[in-house]
Amino acid sequence: MEQTVRAREHTGTDSSKRRARKRLRGSIDYTLLMIVFVLLVFGLVMVYSTSYYTANLAYDDPAHWVLRQGIFAAIGVVLMLVIAAIPYDYWKNKSWILLVLVDIALVYVWAFGEEVNGAKRWLDLGFITVQPSEVAKFAVILSFAKLLEINYKRLGNFKIVCMTCIWILPTIAMVGIENFSTAIILVAIVGIMLFVASPSLKPVLGMAGFASVLVVILFSIKSYRGNRVKVWLDPEATPDGYQTLQSLYAIGSGGITGKGLGQSLQKLGFIPEAHNDMIFSIICEELGFVGAIGIIALFGVMIYRMLVLVVNAYDLYGALLVTGTIAHIGIQVLINIAVVTNTIPNTGVPLPFISYGGTSILFILAEMGIVLAVAKTTQRER
Amino acid sequence: MAQYVNGLHVYHKRNASICFVLAMLVLVVLVGRLFYIMVFQSNMYEEKAANLHERERSIKAPRGKIYDRNGVELAGNKSVCTISVIHNQITDADKVCGILSKYLDIEEKEIRQKIDKVSSREKIKSNVDKDIAEKIREYKLDGVMIDEDYRRYYPYDDLASKVLGFTGADNQGIVGLEVKYDSVLSGTPGSILTLTDVHGKRVKNSAESRKEAIAGDNLIISLDVNIQMYATQLAEKVMKEKNAISVSLIVMNPCNGEIYALANVPEYHLNSPYQLPEGTDTEGLSDKKKQDLVNQMWRNATVNDTYEPGSTFKIVTATAALEQGVVSVSDTFSCPGYKMVEDRRIRCHKVGGHGAETFKEGVMNSCNPVFMEVGARVGAANMYKYYKRLGLFEKTGIDLPGEANSIMHNLKNVGAVELATMSFGQSFQITPFQLLRAASAVVNGGTLVTPHFGIVIENGENGKQQKISYTKKSGAVTEMTSNTMRELLDAVVSEGTGHNASVPGYAIGGKTATSEKLPRGTGKYISSFLGFAPTTSPEVMALVLINEPEGIYYGGTIAAPVVGDLFKNILPYMGIEKTEEIKDTKETSIDISD
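Chains A and B are the protein sequences, given in the same order. Take the first sequence: its letters are residues 83 to 464, numbered as in this note's numbering. Take the second sequence: its letters are residues 5 to 598, numbered as in this note's numbering.
If we strip away everything but chain A, and leave its shape as in the complex, we get (with noise of 0.2 Å):
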């Protein structure tokens, strides 16, 4: 059936090669483009505000993380705009290779790793230290959209379902072990992936049962995190819950309009390394409701472009590429901010294109990358 709206689309019937070469003609996806910048250089323009008083502090250097950052992001861009000009297609055949190689960078920091935090989230290649649980993200994605392609259609059978994911099922345990909150990102994705490629609702809801199992084992693991809990019900009851207090004090004195750029008080070392996943904290103080939900409404921009693709994609590899996509930053966006709140109890979760993070910012650039890849071939066709 595929072939014959191919056919029907592409004029020419020549070979395979001459098809691709045509369709990556297509012009790039500006509003999509538009909104990364924007998001990245608000980020850039945030991360420097909340870290430049503790920066000078710690490093006598005011520009100390956001230079950092600012270097990622724009390895990021380029390496998004790389991204975009390969057809998707591309990845198809080679993600396995990548899913291998964070298996064993997983395996490798969970031995090797030095420990941070009291947890081994890092890979130290000498040059650069990269978390392979973000590149995990990147590549769960891009592996997960090709096994759903090949077993879409038989997606009703549980055995299925469970052969497809037991690929990916040892990326996320390893994550799982050091990264708690990752592998819930990774899960989500996997289950709206899932969701969408399904044709049946039974073997998904399966699924969603036992990733609940899951995530129940994975909480009892560490008792610490039975802890959060608590912090969550009542933060001002227990010294554990500071960072969640100090988050709501700067959320709530940013009032409707803010104290202004820069002005917040609550970075001043109140909230611990406001810069990175309590960023959005900072940002409700300085730049108030309006603020936040400036940047909340660019998000939901964004991710309504990226639906709009997923329904338009030449294929179902490209949509569940933009799938898997909208799902990370997603899900990213509205824990974060549910965790900021309060709303859920505290876990470590980054604001996509805004909080400090180098890997984050340059594995969610990649995937952006490829979101273009994929907008590229859809205008084309449409």
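Read the hints as simulated data drawn from the structure, not as lab findings. Treat the hints with care, since some could be wrong.
Unchecked claim - When the alpha-carbon atoms are kept at most 20 Å apart in a straight line, the in silico SDA-like pairs for lysine to any residue are as follows:
#	chain 1	residue 1	chain 2	residue 2
1	B	Lys-17	A	Val-390
2	B	Lys-17	A	Glu-231
3	B	Lys-205	A	Trp-314
4	A	Lys-284	B	Ile-22
5	A	Lys-341	B	Phe-44
6	B	Lys-205	A	Leu-139
7	A	Lys-341	B	Tyr-40
8	A	Lys-341	B	Glu-51
9	A	Lys-341	B	Glu-58
10	B	Lys-17	A	Thr-339
11	A	Lys-284	B	Val-14
12	B	Lys-52	A	Asp-316
13	A	Lys-341	B	Gln-45
14	B	Lys-17	A	Gly-238
15	A	Lys-235	B	Val-14
16	A	Lys-341	B	Lys-52
17	A	Lys-341	B	Val-14
18	B	Lys-205	A	Gln-345
19	B	Lys-17	A	Ile-232
20	B	Lys-205	A	Ala-140
21	B	Lys-205	A	Gly-238
22	B	Lys-52	A	Val-159
23	B	Lys-17	A	Gly-382
24	A	Lys-341	B	Ile-22
25	B	Lys-52	A	Leu-315
26	B	Lys-52	A	Asp-143
27	B	Lys-205	A	Gly-382
28	B	Lys-17	A	Pro-281
29	A	Lys-341	B	Val-207
30	A	Lys-341	B	Gly-147
31	B	Lys-205	A	Tyr-141
32	A	Lys-341	B	Thr-198
33	B	Lys-205	A	Thr-425
34	A	Lys-341	B	Met-48
35	B	Lys-205	A	Asp-143
36	A	Lys-235	B	His-13
37	B	Lys-17	A	Gln-345
38	B	Lys-52	A	Pro-321
Could you slot chain B onto chain A? The hints should help.
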């Protein structure tokens, strides 16, 4: 074909849209939550955050000053500095150590300890002179804080020390007027709110909000520095001459209760109130014992302690008898040198007795049997009635802390013997001020005044003055009795036992006393004299108490001259005109009378 659009099944699109809608629903919930926190809870969180960011430093309010009746400053404020260090901000610890040690005269080791202590602020020394602080400030040392502060300063140091009292480290009143008028004198402290980061460091360029301190109100008291100084001199002189333990001299206006002077020697140094008198041996004394000594030094005997008034109290007995109408000035009595009361033989001070004498002569001679007799005529119940009218059962209400009250027999226990001894001022105790108040009422026409110092409260900010009012009760004594008493007491000085208090040109009234301290027989006395002038319309009254004089101890001999000297100088100073023609003062031989 409808199922396939662009190579995708419709259900793929449907599922993706479902996900999107669900995500948007969650987003709406989160936006709602944000709205709730940022709009409805905003004030609460803002306040909590502000508490966290703002460090409050208080600004001490200058304490109100105390002025005498002519505007002379008795208690003021001196600008001093408090020097402290902040561990986190110190860059050159050695330099800080060296300089502070040099200027503040503290061991380097001690300063080093405080510098090394990780605390937000460590006080090195307070009450540092401004000049020294200024020198330290010139070095611009990082981490050294110099805060200006006020310290109470008493220009006259030990003058009226037991009246003024002093303040503690926080400028709070501790004793004397300083504590009685603490709420008037102490101002409202201000504060400086500073924005700080999590380490307590001030945020650069942040505005400081400042709430200025409100200065305390000034107090103007009835004391006159000149009279006080002279009274103190006289008291010191007689204390030295008679080697007495202490001497008190009170000068008061009998008509309104304003106290012009209250000398209690030995005084203490208000600028260093914890320093015991020179030569005090504190070796081997426990801290508590030392503190007791210090408390004793601060004690104002005229207010805090009671004593047996002795013969000065005959003023009260005579007043009661005249009021009751049981005696007239010309009634005659006979004094054999003693009087038998029930089975007791109570002596007069004159061993041979005064013989036949009128009541007036009895007063002039201070004859005990005469007073026992008239006391008996009045009777215990009536006597107590007059005591009460003259305020002897109540505190005078003087504006000094810790006023004592009289110790009297219960009326039903007063037998003839008790009544007899009470008639000449023994077997009960009152405070000097209770006596002074009663005597004032007797001579001023019967008005019971409240002895006091504070007369005006002056607003520290705008200078507005507010008078302090005190209660006055008239009718304690009839005008007629008052007249008679003034005449009788005038005679005591002009012709009787109190003649040593006489001042040429002035009509002075008074009464002497010599009370033996309890327990009897130890040879310890309090010699006293109560005098007032002019007798026609009294404007000033003085009471001197000489505690345990050595050698001659008769009040008429040693106490009366003190008041005489005092009046000789202060009556012209106060502008009181001479009324009497100057007669040749008859040189009387020392009359061993009381």
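Given the hinted pair A/Lys-341 and B/Phe-44, is their Cα-Cα distance within 20 Å? Distance of about 17 Å is within 20 Å: holds.
Holds or violated: B/Lys-52 with A/Asp-316, Cα cutoff 20 Å? It holds: about 16 Å lies between the C-alpha atoms, which stays within 20 Å.
For B/Lys-17 and A/Gln-345, compute the direct alpha-carbon distance and say whether it is at most 20 Å. Given that 20 Å is the threshold and the Cα spacing comes to 44 Å, the pair is violated.
Decide if the proposed pair is consistent with the structure: A/Lys-341 and B/Thr-198, CA atoms, cutoff 20 Å inclusive. Between A/Lys-341 and B/Thr-198 the Cα gap is close to 17 Å, so the pair holds against 20 Å.
Please work out if B/Lys-17 and A/Gly-238 have their alpha carbons no farther apart than 20 Å. Distance of about 17 Å is within 20 Å: holds.
Straight-line Cα separation of A/Lys-284 and B/Ile-22 no greater than 20 Å? Measuring from Cα to Cα gives roughly 16 Å; hence the hint holds.
Pairwise hint evaluation, A/Tyr-141 against B/Lys-205, where the allowed Cα distance is 20 Å at most: 17 Å, holds
Are the Cα positions of B/Lys-205 and A/Asp-143 separated by 20 Å at most? 18 Å, holds
Has the given pair, B/Lys-205 with A/Gly-382, been kept, meaning a C-alpha gap of at most 20 Å? 40 Å, violated
Within a Cα-Cα threshold of 20 Å, do B/Lys-17 and A/Ile-232 meet the stated pairing? 18 Å, holds
What's the verdict on B/Lys-17 and A/Glu-231, does the C-alpha distance respect the 20 Å limit or exceed it? Satisfied, since the Cα-Cα distance of roughly 15 Å is no more than 20 Å.
Hey, B/Lys-17 versus A/Val-390, does the alpha-carbon distance stay inside 20 Å? 9 Å, holds
When held up to the earlier numbered hints, the structure conflicts with 3, 10, 17, 21, 22, 24, 26, 27, 30, 33, 37 and fits the remainder.
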